[in-house]
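Same order as they appear, the protein sequences are chains A and B. The numbers in the first sequence follow numbering that gives the first Met the number 0, run straight up by one, and end at 728. The numbers in the second sequence follow numbering that gives the first Met the number 0, run straight up by one, and end at 150.
Incorrect hints may appear among the rest.
[Unchecked claim] Simulated DEER-style distance windows between Cβ atoms:
1. Leu62/B / Asp91/A: 22 to 32 Å
2. Arg147/B / Glu161/A: 28 to 38 Å
3. Ser76/B / Asp411/A: 27 to 37 Å
4. Asp13/B / Val110/A: 46 to 56 Å
5. Lys246/A / Ala148/B: 56 to 66 Å
6. Val110/A / Arg147/B: 17 to 27 Å
7. Arg115/B / Lys256/A: 36 to 46 Å
8. Lys60/B / Ala257/A: 45 to 55 Å
9. Arg147/B / Lys575/A: 42 to 52 Å
10. Arg147/B / Val337/A: 34 to 44 Å
11. Asp13/B / Glu362/A: 46 to 56 Å
12. Val388/A / Asp50/B: 43 to 53 Å
[Said to hold, decoys possible] Below are the SDA-like pairs computed for lysine to any residue, each with C-alpha atoms no more than 25 Å apart in a straight line:
13. Lys575/A / Asp17/B
14. Lys246/A / Asp293/A
15. Lys283/A / Asp120/B
16. Lys60/B / Asp276/A
17. Lys392/A / Glu437/A
18. Lys314/A / Arg715/A
19. Lys560/A / Gly325/A
20. Lys60/B / His616/A
21. Lys60/B / Lys454/A
22. Lys650/A / His616/A
23. Lys614/A / Ala140/B
24. Lys246/A / Leu556/A
25. Lys256/A / Ala88/B
26. Lys256/A / Asp17/B
27. Lys256/A / Ala140/B
28. Lys203/A / Glu161/A
29. Lys454/A / Gly364/A
30. Lys283/A / Met0/B
31. Lys650/A / Gly127/B
32. Lys283/A / Ala303/A
33. Lys246/A / Arg259/A
34. Lys314/A / His616/A
35. Lys78/B / Arg715/A
36. Lys283/A / Lys78/B
37. Lys614/A / Asp120/B
38. Lys650/A / Lys560/A
39. Lys60/B / Asn277/A
40. Lys283/A / Gly443/A
I should point out that these hints are in silico values taken from the structure, not numbers from a laboratory. Ideal placement from N, C-alpha and C gives every residue a C-beta, glycine not left out.
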Amino acid sequence: MIPRFLADRALKDPVASRRGFLLGAAAVTGGLMIGFAPRSAKAQAPAGRNPFAGYIRIGTDNTVTIFSAHMDMGQGIYHGIATLVNEELMADWAQIRVEGGWGNPGLYGNVGWGGTVQGTGGSTGTPSSFDRYRKAGAAARLMLVQAAAQEWNVPAAEIEVEKGMLRHKARYMSFGNVVARAAALPVPQEVPLKRPEDWIYIGKDRPILRKYDSLAKSTGRQNFTIDVRLPGLLTAVMIHPPRFGAKVRQFDATRAKAMRGVVDVVQVPRGVAVVADNMWRALKAREAVTVEWDESGAETRSTAEIMAAYHALAKQPGKAVATDIGNVGSAFASAAKVLEATFEFPYLAHAALEPMNAIARIENGRVEVWGGHQMPDVYQAIAAGIAGVTPDKVTLHVMKTGGGFGRRAVIDGDVIAEAVAVSKAIGGRPVRVQWTREDDMRAGRYRPAYVHYLKAGLDAAGNIVGWQNHIVGQSIVSGTPFEAGMVKNGVDVTSVEGASELPYAFPNMRVELTTTTTGVPVLWWRAVGSTHTAYAVETFLDELAVAAGKDPVAFRLDLLKDHPRHAAVLKLAAEKAGWDQPLPPGRFRGVALAESFDTIVAEIAEISVEGNQPKVHRVTCALDCGIAVNPDNVRAQMEGSVGFGLGAILKSRITLDQGRVVEGNFDGYEVLRIDEMPMVDVHILPSTEAPTGVGEPGVPPIGPAVANAYFAATKRRIRALPFNRPENS
Amino acid sequence: MIRFSVNGQQQELDLETDMPLLWALRDGIGLTGTKYGCGQALCGACTVLVDGQPTRSCQVKLLDVAGRQITTIEGASGKVAEVVQQAWARLDVPQCGYCQSGQVLAAISLLTENRRPTDADIDAALSGNLCRCATYPRIRAAVHEAARALA
Ligand code: FES
Ligand code: FES
Chain A
0 MIPRFLADRA LKDPVASRRG FLLGAAAVTG GLMIGFAPRS AKAQAPAGRN PFAGYIRIGT
60 DNTVTIFSAH MDMGQGIYHG IATLVNEELM ADWAQIRVEG GWGNPGLYGN VGWGGTVQGT
120 GGSTGTPSSF DRYRKAGAAA RLMLVQAAAQ EWNVPAAEIE VEKGMLRHKA RYMSFGNVVA
180 RAAALPVPQE VPLKRPEDWI YIGKDRPILR KYDSLAKSTG RQNFTIDVRL PGLLTAVMIH
240 PPRFGAKVRQ FDATRAKAMR GVVDVVQVPR GVAVVADNMW RALKAREAVT VEWDESGAET
300 RSTAEIMAAY HALAKQPGKA VATDIGNVGS AFASAAKVLE ATFEFPYLAH AALEPMNAIA
360 RIENGRVEVW GGHQMPDVYQ AIAAGIAGVT PDKVTLHVMK TGGGFGRRAV IDGDVIAEAV
420 AVSKAIGGRP VRVQWTREDD MRAGRYRPAY VHYLKAGLDA AGNIVGWQNH IVGQSIVSGT
480 PFEAGMVKNG VDVTSVEGAS ELPYAFPNMR VELTTTTTGV PVLWWRAVGS THTAYAVETF
540 LDELAVAAGK DPVAFRLDLL KDHPRHAAVL KLAAEKAGWD QPLPPGRFRG VALAESFDTI
600 VAEIAEISVE GNQPKVHRVT CALDCGIAVN PDNVRAQMEG SVGFGLGAIL KSRITLDQGR
660 VVEGNFDGYE VLRIDEMPMV DVHILPSTEA PTGVGEPGVP PIGPAVANAY FAATKRRIRA
720 LPFNRPENS
Chain B
0 MIRFSVNGQQ QELDLETDMP LLWALRDGIG LTGTKYGCGQ ALCGACTVLV DGQPTRSCQV
60 KLLDVAGRQI TTIEGASGKV AEVVQQAWAR LDVPQCGYCQ SGQVLAAISL LTENRRPTDA
120 DIDAALSGNL CRCATYPRIR AAVHEAARAL A
């Protein structure tokens, strides 16, 4: 059913916000603003706090501003949403700009999360936007056409729209000429959308549709939070606790305060902020501050200790059961062969290239916050709480960020809360809290560390008769507002996703979870649970294939009889990689398949071994993401995911030494460099299904594909990551 | 008072002589195209050209650039810069874009010296420039495309 379409006026009145209004010309300097009413089921969504919220604003100057419900951290969602809008609107591509929308969950609520909270994550951006942004574009076009029909006094049906111009026979008019008239029209209640066969942008590649921000990003003109300039803007660097959970007892900033450019040194909830007129002076002054910490509640264990405890727990029965099909116990008892394996996964930092930052200013009872607002409603409320104002007094500036990978989807506001607290402590002056790389890397919010213990039984014919997996590690969502929805029967879905439900037909299957607690803060990290579950599942499956004497692709295809989409993806990857073709001497292949966030990806890695490490030459990636809205961006995300995931499994880990994070920069925490990047061929399965996300699902298969190739080369199974840790050599 | 030239313009900055060039460019002159990523010569985000040589501006103190010619991404110009930036845009190299000022300057410097770089040449010249979005395959492709345009 098509929801009612309404252009959206100032949403100050909660009743008005529920019904939606046409935006008056005055409110947006003579433009047309298109939103549409939230569906009645979402009426409990908080009233809009941003009177200028909408999906599209068309100005009298012909600019088309699209307000994205999702933040762009490099995954390309602004481009995707612009594509969806313009498929229906038919503006000239050069007219379009995209900004981050905020402050109206009725408009921007994430459909994949239930629609009442705006947020970016879980590869939901495209699926959540697919219908509503096309509909918004179509409604806008319809209104423009009607206005033009009135202006020219001709039937609307005779008016065509192309490249931002309205045309009737030989007469042309730009959008800007009729927006005032269009804004006064009733909003169409139903708008027909184009048929897929008529699409000219969706599913099409460059050069038809180039990313509108690529040139800005190639010429240094793209501004990030670190680049924002404001009159009187100060810089704060933080002194965070040396161990998670430590608190400031007292500090001495006498020397620092006397240094050039230092404005103040203030205590905020998580530590001490050194505020100066520029970054370098703040950094130098930070060295002159001494802090005494209360470490009574701090985490003081080393990761070696934490992991040893996990290994012990993994051999015990799990505390919660995520999956229980048939009876694995009797399956193992009757199996011809039983295999076991224990895997260890380290903590991982996101290490986005722009270190975490945010800017806050409090002036005349109003708060402004610049940052990577991945959960805007939440941050608006947090900023309001700290500043002591109501949320409607908080304005957000949604910045593009230099990467993210999950790090900015912080439920407690994190650096944003810090910036508001610092601004408040210095009388509301504008201040950018800028973490250094070391601050960023040592601030926690890691991909949790896990141990997995797997066991499987094969019958005499090499069929899997039982499969058991016990996962031990921290919960990402416990203690957060997400807990209610994401922890079921003691199982945090983010701990077991990619393990608890598999496309493979196992007659007996049991997945258990033991959730641990440590003082180390954890968070979602690109592809979340599947970053570890897929590695354990897909390498163990490879072991079973070898034990059964079967080809790894054929072995999987046998198990995928009930999942034709998965089978098709795997077949496509195998065909494109030349799985059946012999390899040159010294080259080896491995395969892995993983579904995450409803997108199915298979990757085949071709490697050689240098020293004792894999050198990955080529990765063939096949995927099914439903309709690929921007195929080239899908490819870009797969390439990027391969590189991101590969760096992590080969080299990255965060360790603690008596509670202190050891790695602080890219020397200790190594990530992939260009000379380690394989060629990546991406093959998108043609589909007419609704689109699913692509920002994350390329990550999970790369680790196990490389590990399986490494086994083919060396007969060694790498079960503790990363590859380059000393015990693997 | 330190004097040096940035993108062809003389600068006289009354800043501490031990201030890294990176922060002088960003906070002193307001040229924010040069990015901070690590502060330790480990990522390449802060790459600028000092007398034409790619240099990590986070590791160069103001004292050491007295009298030198600095080119930042904002001042990248000439035939090589043009074809490199066009190739970058044409292939949609950037994802988040944060590393790309450094990548582009490193590529300009490579192509200025080597008009027909191989993949191995590119990897060697750019291995100090991290891209967390792993746009590496497109960086290679764009350097080759720029090389073709220069041929
Ligand atoms: S900031 Fe200079 S190399 Fe990273
Ligand atoms: S494009 Fe994001 S770090 Fe390179």
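Status of the hints after comparison with the structure:
1. Leu62/B / Asp91/A: 22 to 32 Å: violated, 51 Å
2. Arg147/B / Glu161/A: 28 to 38 Å: At roughly 34 Å between Cβ atoms, Glu161/A and Arg147/B fall inside 28 to 38 Å, so the hint holds.
3. Ser76/B / Asp411/A: 27 to 37 Å: violated, 45 Å
4. Asp13/B / Val110/A: 46 to 56 Å: Holds, since Asp13/B and Val110/A (Cβ atoms, about 54 Å apart) stay within the stated range.
5. Lys246/A / Ala148/B: 56 to 66 Å: Because 58 Å falls inside the window, the suggested range holds.
6. Val110/A / Arg147/B: 17 to 27 Å: Check failed, 44 Å falls outside 17 to 27 Å.
7. Arg115/B / Lys256/A: 36 to 46 Å: Roughly 57 Å apart at Cβ, these two residues miss the hinted range, so it is violated.
8. Lys60/B / Ala257/A: 45 to 55 Å: Violated, at about 23 Å.
9. Arg147/B / Lys575/A: 42 to 52 Å: At roughly 26 Å between Cβ atoms, Lys575/A and Arg147/B fall outside 42 to 52 Å, so the hint is violated.
10. Arg147/B / Val337/A: 34 to 44 Å: Roughly 58 Å apart at Cβ, these two residues miss the hinted range, so it is violated.
11. Asp13/B / Glu362/A: 46 to 56 Å: violated, 30 Å
12. Val388/A / Asp50/B: 43 to 53 Å: holds, 52 Å
13. Lys575/A / Asp17/B: Not satisfied, since the Cα-Cα distance of roughly 55 Å exceeds 25 Å.
14. Lys246/A / Asp293/A: holds, 5 Å
15. Lys283/A / Asp120/B: Violated. Lys283/A to Asp120/B sits at ~38 Å, over the 25 Å cutoff.
16. Lys60/B / Asp276/A: holds, 19 Å
17. Lys392/A / Glu437/A: violated, 34 Å
18. Lys314/A / Arg715/A: Holds, because 23 Å separates the two Cα atoms, which is no more than 25 Å.
19. Lys560/A / Gly325/A: With a Cα-Cα distance of about 19 Å, the restraint between Lys560/A and Gly325/A holds, given a limit of 25 Å.
20. Lys60/B / His616/A: violated, 39 Å
21. Lys60/B / Lys454/A: violated, 58 Å
22. Lys650/A / His616/A: holds, 17 Å
23. Lys614/A / Ala140/B: Since the Cα atoms of Lys614/A and Ala140/B sit roughly 20 Å apart, the hinted pair holds (cutoff 25 Å).
24. Lys246/A / Leu556/A: The given pair, whose Cα atoms are some 54 Å apart, is violated under the 25 Å limit.
25. Lys256/A / Ala88/B: violated, 46 Å
26. Lys256/A / Asp17/B: holds, 19 Å
27. Lys256/A / Ala140/B: violated, 51 Å
28. Lys203/A / Glu161/A: holds, 17 Å
29. Lys454/A / Gly364/A: violated, 60 Å
30. Lys283/A / Met0/B: holds, 20 Å
31. Lys650/A / Gly127/B: holds, 16 Å
32. Lys283/A / Ala303/A: violated, 34 Å
33. Lys246/A / Arg259/A: violated, 28 Å
34. Lys314/A / His616/A: violated, 37 Å
35. Lys78/B / Arg715/A: Since the Cα atoms of Lys78/B and Arg715/A sit roughly 51 Å apart, the hinted pair is violated (cutoff 25 Å).
36. Lys283/A / Lys78/B: Outside the cut-off at roughly 41 Å; violated.
37. Lys614/A / Asp120/B: Holds. Lys614/A to Asp120/B sits at ~18 Å (cutoff 25 Å).
38. Lys650/A / Lys560/A: violated, 36 Å
39. Lys60/B / Asn277/A: Roughly 16 Å between the alpha carbons, so the hint for Lys60/B and Asn277/A holds.
40. Lys283/A / Gly443/A: holds, 24 Å
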